[in-house]
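Q: Chain A is fixed; fit chain B onto it per the hints.
Which chain is which? The protein sequence lines are A and B, in order. Residues in the first sequence are numbered from 1 upward in steps of one, following the working numbering. Residues in the second sequence are numbered from 1001 upward in steps of one, following the working numbering.
Hints may be right or wrong, so weigh each one.
[To be verified] Ranges of calculated distance between the beta carbons of each label pair, as one might list FRET restraints:
#1 L1099(B) - Q91(A): 41 to 51 angstroms
#2 I30(A) - K1023(B): 23 to 33 angstroms
#3 K1173(B) - A218(A): 40 to 50 angstroms
#4 V1028(B) - S208(A): 47 to 57 angstroms
Just so you know, the hints here were simulated from the structure itself, not pulled from any lab data. These numbers were taken from a predicted model, which means no experiment stands behind them. Each residue gets a CB set at the ideal place from its N, CA and C atoms; glycine is no exception.
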Amino acid sequence: MGRAKVKRKSTNVDMTAMCDVAFLLLTFFILTTKFKPDEKIPITTPSSVASKIAPEKNFILISLDKNGHAFLNSDMVPVKEQALDLINQEQNLGLTPGEIHKLAIMPVIGTSFNNLKAYSQLPNEQLNDKLPGIPIQDTANNQLKVWMKAFVSVQQGLGADDPQKKMAIILKGDNVAKFPEFKNVIAALTENSILEFQMVTNPEGVPSGTELWKKAQAEGATVTPVNG
Amino acid sequence: MAEMDTSSKDTGKKGPGVKKGKKMSTRVDLTPMVDLGFLLITFFMFTTTMSQPTSMNLKMPDDNKDTKEQNVKQSGALTIWLGAKDRLYYYEGELKPDLSNVQVSNYKDIRKVILEKKAAVANPDDVFMIVMPGNQSTYKNIIDILDEFSIDVVERYALVNKVDTAYSADIDKMDAIADQAGQ
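Bound conformation, chain A alone:
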């Protein structure tokens, strides 16, 4: 009795389809990735166990760089424009509407009121940590206070009772920024009755064995323990 011969099949697998899928996925990831926005002011933030993601919309960002210079930015260009307009009238800066618009779309504001006119002519490449920053060192001439006041009144003018539209104040300080400057930033906020704000940090794991860790374990949350 002859056994039926099994036909030998080729072991060669056609990889074309696999290749297609791989590159399709690759293209998807490349196209959907958002690049980290180009940061004009280099700041290394401290890390904390806070796990709340920093707001990405409707924020006013106050940066404090390693030299203790303060910079201001916001994603809300119209609000920035109105605030600039207010300050322009209040301080008699003589800015034209064109210059105000230019300042509003700039990635950072980092100079005193007197220099705003000249500053509006600066190209974007020169906006970096070499700028003098908004004067905050002097308690009598804390210009950040004036800025925050303008922002608050614009916010009130908009009648933003809607919590969705409420602006978030984000503080972003550098590791080595000294306390006296930080204190003046806080003073600029608290004196305008902004009592709640957020500080940007890098995420860090909760050390295992600590009280917070135990609490999280009890709640059944997944926390990645980190040594130290």
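A: Only chain B this time, still in chain A's reference frame:
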């Protein structure tokens, strides 16, 4: 498909002078290409959305309003000074004028101090931490100590945000002592 059908077109003229070209396989091995593709995918998956910054909430008391002085029991109060060079000084209860009850610590050991304080106070509501940053302390120091509070689940704490010359002078004094001891 990665191969081309070349078998059927074999009916070309084959005269005596025409050399027969060696038939090469047109099949391309795509395995390395797939490898590369998935390698890149893995790379993108690991590098994206990893650096989402988080934020820490901080509430400050209203200075303009006449807020009632918070009832802080001396027995439950722990005051922490932030000195220069990442040093910490702390004392319990009231400060003695000669600073004799101020102890030196650092960011690693302060956890033990805080937990001991929490354990020592009978009523957990009485535990109250006061942070007083000195002029030489940095932003990182402040975040670190606030972070420490959240790690140790300290419910009540206050950050003093006005530099009082009296206490900053005390911190400077402690810094000088610690500097000398270090040398």
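Q: Would you mind marking each hint as holding or not holding in the structure?
A: Outcome of the hint check:
1. L1099(B) - Q91(A): 41 to 51 angstroms: 46 angstroms, holds
2. I30(A) - K1023(B): 23 to 33 angstroms: Cβ of I30(A) to Cβ of K1023(B): about 39 angstroms, so the range 23 to 33 angstroms is violated.
3. K1173(B) - A218(A): 40 to 50 angstroms: 43 angstroms, holds
4. V1028(B) - S208(A): 47 to 57 angstroms: The hint (47 to 57 angstroms, Cβ to Cβ) holds, given that V1028(B) and S208(A) are roughly 51 angstroms apart.
In summary, the structure is inconsistent with hint 2 from the numbered list given earlier, while agreeing with all the others.
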